[in-house]
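2 protein chains.
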Amino acid sequence: MAPTNALYAQSGGVTSVINASACGVLQTARRHPDKIGKVYAGRNGIVRVLAEDLIDTSLESDADIAALEHTPSATFGSCRYKLGSILEHRAQYERMIDVFRAHDIGFFFYNGGGDSQDTAHKISQMGAALDYPMVSIGIPKTIDNDLPVTDCSPGFGSAAKYLATSLREAAFDVAAMSRTSSKVFALEVMGRHAGWMTAACALAAEREGDAPHILLLPEVVFDEGRFLAKVTEVLERHGYCVIALSEGLKQANGEFLAASGSEDAFGHKQLGGVAPLITSLISAKIGCKCHWAVPDLLQRSARHIASETDVRQAYAVGRAAVEFALAGRSAVMPAIRRLSDAPYRWDIVEAPLSEVANQEKLLPLEFISADGFGITEAARRYLAPLIVGESYPPFKNGLPDYVKLQNAAAPKRLTRAFAV
Amino acid sequence: MAPTNALYAQSGGVTSVINASACGVLQTARRHPDKIGKVYAGRNGIVRVLAEDLIDTSLESDADIAALEHTPSATFGSCRYKLGSILEHRAQYERMIDVFRAHDIGFFFYNGGGDSQDTAHKISQMGAALDYPMVSIGIPKTIDNDLPVTDCSPGFGSAAKYLATSLREAAFDVAAMSRTSSKVFALEVMGRHAGWMTAACALAAEREGDAPHILLLPEVVFDEGRFLAKVTEVLERHGYCVIALSEGLKQANGEFLAASGSEDAFGHKQLGGVAPLITSLISAKIGCKCHWAVPDLLQRSARHIASETDVRQAYAVGRAAVEFALAGRSAVMPAIRRLSDAPYRWDIVEAPLSEVANQEKLLPLEFISADGFGITEAARRYLAPLIVGESYPPFKNGLPDYVKLQNAAAPKRLTRAFAV
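Going down the list, the protein sequences come from chains A and B. FYI, the numbering for the first sequence is 43 to 462, going by our numbering. FYI, the numbering for the second sequence is 43 to 462, going by our numbering.
In isolation and in its complexed conformation, chain A is listed as follows:
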């Protein structure tokens, strides 16, 4: 019997190491030609699979596949798209089965966050419901680190390392300039609901008094009076104040601070930008010059300063996904299990997709300091090992040498088009 083919797709906001997971999947599959035929990739995630827009990865060289390990972003394209329930969107799932059947796809790997694990779960159920035998495995990925069951999520460690490094560097800057120029610096961090990334900025501090002096976590309601008092106290004590704040900062009424109605010079509603808001507040109420930064996409694609630990884990979950599939497992996700903090040891275990999908793991209360403006020693023990190790990409002409795959389309086999 000929080996069945596989389909791999990437989903949601990209990270600097999701391609390392792709590398793990593709290299492992290539080592089992007796069991896995071609690996197709979905162009731009699941949404284009419905359009039968598949990439034939067998046309990519081993060298290019290896280069994925050090290339950020989603090489096959990603999407923000959630499949509906099987009951209500049966036509969509029937179409999916048509595509799978036409290309003899027996293995499905979906690499993403909580929503994507939900999609992988639904597709595993689809096989049974529509009488098409197949294996569906989720692969974890999110800079937000908000997936349950797994100890951490690939993508987080590298974003955390980028943020803590950048904050440490900027803090040196503010400290040097504070006497005659800016005394406050605010760094805005991604993460709408979970404060993991903002918390990771605290790793920049080694000693008492080091920056960041204040964290504004999305788990803690923003209180203007308490915050300004804290800034004043830090300024008096250290002469400068460095703040890491979450883009998802909320007011007491539950509304995002960023959505609270600012307008720009063109008269348009201003999109995002909590850091400028917070520093304006400080300038007006305390009266000192401030700087702010919003690194935005830079923090989730900074492969040049990736965590080696993170890169290894990203590769490992990709490899494990294929191994799980070959062992006949389905509806599971490789999860990272922590065995010890120091020395840091971890392995890969199996997590049922039913337990992973649609859950959001917030920063636990015991990780947040009593005043809400920092993290605890327990949080530091958890976070510290995830940023350890450097994993530099190769450089050419002074810049990281990232690969772009050919991404050639596999010939379509279905005659009917499908409107998503």
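Derived from the structure by calculation, the hints contain no laboratory data. Check the hints yourself; a few may be wrong.
Same chains, same label: a pair holds when it works inside one copy or across any pair of copies.
[Claimed, not checked] Derived lysine-lysine pairs resembling DSS-like cross-links, with alpha carbons at most 30 Å apart:
(1) Lys331 with Lys292
(2) Lys272 with Lys327
(3) Lys331 with Lys124
(4) Lys446 with Lys272
Given the structure of chain A, go ahead and fit chain B onto it with the hints provided.
Same frame as chain A, but now just chain B:
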């Protein structure tokens, strides 16, 4: 005769390699104990010298001085402060001479941009005017690359490498997400008047069609209609659009775009932020989702991704400053002279401070493409070698291991205080 002492100070916005210049000064001075006694450092630039607030660098270990080579920001503190003319502010200069005389300072080294070269120049004139024999040497530094005479300015190459790397990484991100999410990304770059840093972003592109697709340089007046037409064209052609824009973007009336009156939710005048402005414009007029980033201080302190070429040049101008001083030269600045583009070769020559002070070197017209949205091949030939080579700092616990000096105060010898 006992050797005379030296005073070194850092000025203006910091860079990721100004401490490499400090390292060049201090290591070279330590090799000439017969001619140079102690090297004092001004705490926070020239402004605290007037207060006789000097740091005794002889108390720092050789290892810590060596670590300055890989430590960003100004280790002795910096300032934004310009000395007045000798005629009008004679008391200030007399005080300076008092401090110099009290500490037997015969060599003055001032490390900064155009304003700082002016200060170094005035201090060289002060010696003659007030009958105090001394040597004053300027040392170039600015991420803006706007100093004249020198082919490039230490600090620029590393900021350029950071920006081109970050833009390339973010562009991979946008390309992957553009099908179902953001199609436009705008990166805001420092540089109020000169477009060197924004131009450097263009190095991220290797092939036709690569990002950045549009540069908005401060040398080119912003034209809303032409810009939106260009964005539309890029989106139709590539499916996504990456823009690098200068914080100093100007309207036809000469006003900064950033200062054009936006207010935030607290009702305060919004400080800076041209990227959010430009992306709001695109969202409103073209109607697609946009992302924007303002790395701000991160770009001038990102020592983790410094250019090796830049680090070497920063060190070389520091070393040359001391060598010039020992050769009896004064009122000069070590300048970088380009001998060839490829292979890139350079040496250090002497530039008179009178020619360097208070000049601003803008991007020449022949470096700007005909449509104003890009750079020419000549610009690329100039820029390319400046970002070449990596010079990673050591890492500890996953983060760059930067040094903080003790910065112990030298005992004061003057009885009279001085109000700046």
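Failing hints, ascending?
none
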